[in-house]
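Participant: As a plain string of letters, each chain reads:
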Amino acid sequence: MAQESTAWHEQTVKVDGTELVVVKGGSGRPLLVLHEELGHPGWLKWHADIARRRTVLIPLHPGFGRTERAEWIMNMRDMAGLYARYLKESSLAPVDVIGFSLGGWIAAEMAAANPSQFRKMALVAPMGIKPPTGHILDFFQMMAPQQMVASVLDPANTAEYGDLYGGGPTPLQFENFEEARAQCARLAWQPFMHNPSLPHLLGVAAGLPTLIVWGKDDAVVPVSAAESYRDAIAGARVITYDKCGHRPEIERSAEFICELETFFG
Amino acid sequence: MHIMYFTERPYRHVSNDEIIKNGFFGLPNQQFDAQKGAQLLNEYLDEKTLAEELGFDGVMLNEHHDTAFCMGSVMNVEASILARITKRVKIILLGNPLPVVGNPLRLAEELSMIDMISGGRLVTGWVRGAGSEQFATNANPGYNRELFNEAHDLVVDAWTKPGPWRYEGKHFHYRFVDPWVLPLQKPHPPIWIPGLLSPETVIWCAQHRYPYVALATFLEPTVELWNIYRDAAAKEGYQVGPENFGYLQKVFVAETEEKAHEIAKWDMFGGAGIGYSLFGQPQWMFPPGYNSKEATRRVARQFSDPNAVQGSPFGGFAPSSEEKIAQSQIDVRAGAWTQPQIDVAATRKKIFDAFPQVERSMQVICGTPKSVIPKIRKVLEVLRPGIFGFWQNDGPISAADRVMNMRLIANEVMPATREIANELGLVSPFDVKPGSRPLPASGVPESVGSLAPLAS
Numbered sequence: 001m002a003q004e005s006t007a008w009h010e011q012t013v014k015v016d017g018t019e020l021v022v023v024k025g026g027s028g029r030p031l032l033v034l035h036e037e038l039g040h041p042g043w044l045k046w047h048a049d050i051a052r053r054r055t056v057l058i059p060l061h062p063g064f065g066r067t068e069r070a071e072w073i074m075n076m077r078d079m080a081g082l083y084a085r086y087l088k089e090s091s092l093a094p095v096d097v098i099g100f101s102l103g104g105w106i107a108a109e110m111a112a113a114n115p116s117q118f119r120k121m122a123l124v125a126p127m128g129i130k131p132p133t134g135h136i137l138d139f140f141q142m143m144a145p146q147q148m149v150a151s152v153l154d155p156a157n158t159a160e161y162g163d164l165y166g167g168g169p170t171p172l173q174f175e176n177f178e179e180a181r182a183q184c185a186r187l188a189w190q191p192f193m194h195n196p197s198l199p200h201l202l203g204v205a206a207g208l209p210t211l212i213v214w215g216k217d218d219a220v221v222p223v224s225a226a227e228s229y230r231d232a233i234a235g236a237r238v239i240t241y242d243k244c245g246h247r248p249e250i251e252r253s254a255e256f257i258c259e260l261e262t263f264f265g
Numbered sequence: 001m002h003i004m005y006f007t008e009r010p011y012r013h014v015s016n017d018e019i020i021k022n023g024f025f026g027l028p029n030q031q032f033d034a035q036k037g038a039q040l041l042n043e044y045l046d047e048k049t050l051a052e053e054l055g056f057d058g059v060m061l062n063e064h065h066d067t068a069f070c071m072g073s074v075m076n077v078e079a080s081i082l083a084r085i086t087k088r089v090k091i092i093l094l095g096n097p098l099p100v101v102g103n104p105l106r107l108a109e110e111l112s113m114i115d116m117i118s119g120g121r122l123v124t125g126w127v128r129g130a131g132s133e134q135f136a137t138n139a140n141p142g143y144n145r146e147l148f149n150e151a152h153d154l155v156v157d158a159w160t161k162p163g164p165w166r167y168e169g170k171h172f173h174y175r176f177v178d179p180w181v182l183p184l185q186k187p188h189p190p191i192w193i194p195g196l197l198s199p200e201t202v203i204w205c206a207q208h209r210y211p212y213v214a215l216a217t218f219l220e221p222t223v224e225l226w227n228i229y230r231d232a233a234a235k236e237g238y239q240v241g242p243e244n245f246g247y248l249q250k251v252f253v254a255e256t257e258e259k260a261h262e263i264a265k266w267d268m269f270g271g272a273g274i275g276y277s278l279f280g281q282p283q284w285m286f287p288p289g290y291n292s293k294e295a296t297r298r299v300a301r302q303f304s305d306p307n308a309v310q311g312s313p314f315g316g317f318a319p320s321s322e323e324k325i326a327q328s329q330i331d332v333r334a335g336a337w338t339q340p341q342i343d344v345a346a347t348r349k350k351i352f353d354a355f356p357q358v359e360r361s362m363q364v365i366c367g368t369p370k371s372v373i374p375k376i377r378k379v380l381e382v383l384r385p386g387i388f389g390f391w392q393n394d395g396p397i398s399a400a401d402r403v404m405n406m407r408l409i410a411n412e413v414m415p416a417t418r419e420i421a422n423e424l425g426l427v428s429p430f431d432v433k434p435g436s437r438p439l440p441a442s443g444v445p446e447s448v449g450s451l452a453p454l455a456s
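Those protein sequence lines, which keep their order, are chains W and G. What the first sequence shows, in this note's numbering, is residues 1 to 265, in sequence order. What the second sequence shows, in this note's numbering, is residues 1 to 456, in sequence order.
Hints listed in this document are in silico derivations from the structure and should not be mistaken for laboratory results. Any given hint could turn out to be false.
[As the list claims (entries may be wrong)] List of simulated lysine-lysine pairs, DSSO-like, C-alpha gap at most 27 Å: (1) 87(G) to 186(G); (2) 265(G) to 349(G); (3) 293(G) to 14(W); (4) 186(G) to 433(G); (5) 14(W) to 170(G); (6) 216(W) to 243(W).
With the rest of the complex left out, here is chain G (with noise of 0.2 Å):
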């Protein structure tokens, strides 16, 4: 099993009164302060040299924009450093937001640096963009997948097909590809895909024998898509395994439980959508044409059917935007333009009262380091993936808080997590080749994941 260390680098000195009036999107940076975004960067490089030390396997990053709630606005700027000051663990970029980026070839050269100047330790990845990176970097969001698609397929073609060659596109378009910083991993780093459950990506990675990457998803519909991968596997001839297959798991401990369960509180003020989202408001995470036919449609009925299912982490929308769309609706009918009005105590106390729902579903796990082995095991049993990253130490947490729970994690939890996956055959990409395993002799896949350790 590989495991990485990830937290997403708030900038955590922001009041929670003003994140549950704005969500982390729309928040003026007005409130930021750069002495303490100074500190807080290299803070966080600090825990990346320390999570290497500690022997986590890999360090994960990611990228946001225009928000508090993530540090790394370019997160090619931190792994260049990482490469250069680390020297073992893997470099885990998941993923850079191909549709926003612009210029997909300076992106192939850039991470062809940062692979050769870390001596070949760079995993990488893609991914959309959230909604509102689309504004923040004015990507056209109604050609977001398309971007995508022949954004990968360039930077791939760059790392891969002996130059000079000439490229026209739909999107992008270049004379002359000739690119001399190439990968040291041949034919090009690995891939690892994160996501939210997409059906659409989750597909993709297995025509493509990425492994697939869930971030913090709800078990039961996390095993469903594994069943999708499989299949779509299956089309391609292949039997997926353990290193298909990722899992981003919230974990915070402390010497006590009542001291874990105070820092994972904290959590819901910075966790990307643990419970209750509270990243932006859905017009910024719902651009025009950013979603799927189909993903629209689901949109349309929770915006316009009072009696829609509303609100789940990840695959809806946040309470406190659903409030907010509520209540412009009403302002629609009443015929006002207004801006709807957030009762932060009362929000505040809904997240809080969130929590326990938030624990039972394991979307966040929490305790002493004796408490939350057996919920890992669990996690581990359902889901069987061959990666395993712990996402520690979001929200307003002290930089005291955040060593000691990646210490504890290090010291108690890993080892305990490791034995779990041998005995479970949780191979890695690293171990196994993702895509080498053949179908059985029937030629119908074996079963990924399941769901009967939940009942035990």
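This is chain W alone, in the form it adopts within the complex (with noise of 0.2 Å):
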């Protein structure tokens, strides 16, 4: 029973000239899942656990892999409009959303630009704002290994992170990676994973139930992003972990999914 609650699947919704593929995994009350820069990892402790209770929809973002490139994406704020349209032609607003790094990014946009598609937003460690102090991670100037180790860490003691890329990519991974990686450079190769206006264009979000979630040592989007979204959503809730870097949904799992199911409810 708790497996076949946990399955997932793809599905394939056609988005403007755009084959989407979605994974689609549990029941109940949809919650659209935005994946990070390198990718879809796979199915995470995570994801099982929450769709137990939800309907856990992952796109895949056009051009990162399995999803092809669409010739017009050409920033975020176009990612962003892909998603409105998927939203609006699924019927899913207004949906509960959670964005990755990137993901948080695309999410933040989408809220910037029409807030009532969401009920609820949880970014955590998004991109998309310039950190007051640090830099967001030039991951460009690293290979995807490097890349890979920055974003935990402690990889060694990262239980999940052993699973997905422990001994080093596979040649496949290895290739999802680069298309990922090229895919981020044709979106946001400059300004540098950011968008100079969204501070200020996010005002429109003010009372949209956000949680921003960050590692305190994150090594790839400093956490003093953090007190800018703050700032750029009036009511935000900031939490943030201890001894954890980007990736705290799987450095700090189980108090994740229980924030997380906390604020969705």
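Take the two lone chains and join them into the complex the hints point to.
Facilitator: Here is the structure:
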């Protein structure tokens, strides 16, 4: 029974000319999950847990490997527009959303354009706003393996990290990472992984129930940006984890799931 | 045959220990001495005028950024000076890095001016720019190929399409295109394309009838690529000939074999990848999106499969880079985020130990004038190029040795090379218009290049 409730499958939804591949699992009120810059990492523990009560929908971003690149998508606003259309055409809005890193940035762009698309929004170490202190890690100046290492504080003692990437990436993983990184470059080479107008535009999302989650030792997006997001979205709540890097969902999985359940209800 | 002189114009006052540790890209410029740099840039311009005096047909320039490997960061500046101070030689730019220039219309104007000032001696060429160049100029590597294609079309149109006109493309937008400085040569200067054996580029060249100049690549894959060009040309309805191909060959000569070897070995620290590339670490050579999907797949295999065939000049990774990435992967497994440490002495030994193989494969030809000529004949018999570049003088080679090398080539090797070329019928693009040969009546194109001479 538990296995059935956490099973997942892929479906394809046509949005504009894009055959959007969506990983779908569980049942109940939908939760839109926007994945990070290295692509959808696979069905993780937190996905399985949430899918016991919720329908988890993980669209695989165009150009990140599984969904074909759409040539017209050239920046994060375009990406946000595509997903806005997906929500509308699938009658999903207003939906709960959680976005990770680059996916958090997409969610924020969507909220800035039209906050009524969302019921509640959780952002996990989102890119999109230039941190007031420190820089977003220039992962274009490293290969994917180094980027992976930088993403968690303690790879050796992060069980799910080991399951996913232990021993280094496989050729297929490496190839998929490079696809994802290439699309990241097309979307956000300059300004690097942020949009200067976003903190201003996000004011429109005041009052949207928003949870901002960050690891205090995040080496990819400095935790200082959490304050910027909180300032931009009136009423947003920030939680930070000690001894945690850029991937709270695998580094602090238990607390993370608990927090999400409380927030989304 | 068109014979040209080429050197990377290195900043040669940097220790090879530092190069081994950092690669050429990523070497801190705190080690740059502007006084020495100024002297070198002028020496290199003098060498180009010497090349003209010595009888070379052309002087080839290229461009790299953020590296001690090549001081020609803006080769159009050098070309502008040469346009004025030389009288006869062709000024051959292989090539302008189209995706990184940012403003192709301005590039069109710069090149027009060079062509006019030189009296129509300009040969232009285009490159995508090395991976590192994308960082140096902040050009988006994810759009590298698109930028290349669009900028190329725009430059050629700016030279040939009567203005004014309006341009609204994907990456470039001009509301008013009407350049008054237009090339002296009509419809525009010749275009040759240098490369490292990318099939996409070779096919593109064949479609545009542009000669393809292989940059000191291994002979076997070069012949394979010639055949890809031949087949693509046949689809366009023409037979290729020597005028469609060029080859850049490393050649070092001295009065004695020993001296020639001594000089040539230093080239291992200045060459762009002969046997043991030190150009840059892989994260800078392969920025995201820079490679095609197929090339990315090859990269993925090399980086993640311990049994994959590792390393080849220009085609893969330098051993130094492989070691670096391998160490990084070990670091990944250990969960540590550290920069790999390079054993400088061991790496230096490895570099020099690779030299015999580099010589055997003829990536570098060195010796006395007498001993190098038969080797050059072999290369010409295999590849049958109509353009032949003597690539000399890379690495920390003294000014005196550089000039000695040039004089011996020009006086003793070049005449023999011309004789061989005449014997083999190696006509240049100035003799036969590339793309003008009809296909044989059978419709089946004749072969170009052959590995058979290597067996003898």
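Participant: Against this structure, judge whether each hint is valid.
Facilitator: Against the structure, the hints come out as follows:
Using a Cα cut-off of 27 Å, the hinted pair residue 87(G) and residue 186(G) holds, with the two alpha carbons roughly 20 Å apart. Restraint check: the Cα-Cα separation between residue 265(G) and residue 349(G) comes to about 12 Å, which is no more than 27 Å; the hinted pair holds. At most 27 Å may separate the alpha-carbon atoms for a hinted pair to count; residue 293(G) and residue 14(W) meet this at roughly 24 Å. For the suggested pair residue 186(G) and residue 433(G), the alpha carbons sit about 14 Å apart, so the restraint of at most 27 Å is met.
Between residue 14(W) and residue 170(G), the direct Cα distance comes to roughly 25 Å. Compliance with the 27 Å bound is thereby established for this hinted pair. With a C-alpha separation of about 7 Å, the suggested pairing of residue 216(W) with residue 243(W) holds against the 27 Å cut-off.
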